[in-house]
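Residue numbers (the working numbering), protein chains in the order written: chain A, 1 to 209; chain B, 210 to 418.
Just so you know, these hints were derived from the structure itself, not from any lab. No false leads were mixed into what you were given.
Listed next, with one range per pair, are the computed distances between beta-carbon atoms:
{"#": "1", "chain 1": "B", "residue 1": "S222", "chain 2": "A", "residue 2": "L10", "range": "48 to 54 Å"}
{"#": "2", "chain 1": "B", "residue 1": "T216", "chain 2": "A", "residue 2": "S37", "range": "27 to 33 Å"}
{"#": "3", "chain 1": "A", "residue 1": "L10", "chain 2": "B", "residue 2": "S246", "range": "26 to 32 Å"}
{"#": "4", "chain 1": "A", "residue 1": "D111", "chain 2": "B", "residue 2": "M210", "range": "22 to 28 Å"}
{"#": "5", "chain 1": "B", "residue 1": "D379", "chain 2": "A", "residue 2": "N114", "range": "25 to 31 Å"}
{"#": "6", "chain 1": "A", "residue 1": "K78", "chain 2": "B", "residue 2": "E378", "range": "39 to 45 Å"}
In this text the structure is predicted, and so the values were computed from the model without any measurement. Don't be surprised by glycine CBs; every beta carbon is placed ideally from N, CA and C.
Protein chains: 2
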Amino acid sequence: MHFFSHTDILNLSKIFKINLINSCSGFKSANLLGSISKDGNTNVAVFSSITHLGSNPPTLGFILRPTTVPRNTYKNIKEIGYFTINHIWEDVIEDAHHTSAKYPEDISEFDMTNLEPEFKGKFKVPFVKNAPVQMNMKFIEEIYVPSNDVMLIVAQIQELYVNNDLLQEDGLINLSKGNIAAINGLDTYTIPKFKKQLIYQRPKQINNL
Amino acid sequence: MHFFSHTDILNLSKIFKINLINSCSGFKSANLLGSISKDGNTNVAVFSSITHLGSNPPTLGFILRPTTVPRNTYKNIKEIGYFTINHIWEDVIEDAHHTSAKYPEDISEFDMTNLEPEFKGKFKVPFVKNAPVQMNMKFIEEIYVPSNDVMLIVAQIQELYVNNDLLQEDGLINLSKGNIAAINGLDTYTIPKFKKQLIYQRPKQINNL
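Can you make the complete structure from the sequences, with help from the hints?
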């Protein structure tokens, strides 16, 4: 196996280091965050850090480095209080990845790609049309992480749209059925395939050993 | 599409709700956390919330609900200050999932499964033997999230071991080459396959529109 100590990592070249450390945590969710400014400028940006925080109330979080991109998403979330999360699927990988380019605030990534905004439901914030899972999110709080200067943005699900083909009777959204992507590192996209669904685990009888 | 409002979600049955909300965020990392108590009891437990927080210094985080399982992992991390993160791969999915069963503290999941502890490097904390990616982590801080009573545990990479077959020249750990799993919801395992590696994105020339 290849070995890197903490000091080895600190001394790596910049590009090698960000590729290595962004890929070492495992596969990541692949989402497009849709938002809109108070002036009506729409924005859509790829994120790979959406994480489950709790089911009751339904709460998700993601990590943002306030001093770097995507500042437009953050500014819009703070202005409007709502944003959308939309899953990236196989057909739109290139366009989804292109939203990581740094455009000025008045340029919408919806205009620079084939991604289409969709307005529906109770809130005036753009979803990504045809995404197999779409959520409207309400901003709840931001939690600062001092040790490395990032923020955890906490939000609750207001509306959840799921393609009928993906939704199982037990409530599981079977993501494989939507050809939904997972991200490996910063720029590598995979399409996970269903392997097995297991059951709730109880301890084995210890006296059977 | 199937539609759930916030109120619809709150009113769902418990099992349907936790399946739905645990699967709606997208694919999740599939990791085994290895730890040891000050009395020498080893522990290994499945987690699906490991998230990249920063590359310099190399920092990862994960979400823990303090009042629920896996308490042993949390207690051990606080006692010893170090733990390991090991990627779940295709061959060990059943054993990895079984570590979610609630065993008493003096029962090691390493004894109740075919997972094997491996001690190497500078720290006396068990890795999972043969995992294609293994990391020793130093506990840095815990950040409380008031709105839904969870903690973000922040840790820095002290040692990183990567199977040689997975490591690319650009630093990317190509997870697909290790048959590394991704989790969908609480109990469903997928094996993502490499689709494409893209490049750093720059804005398109706007006057070409």
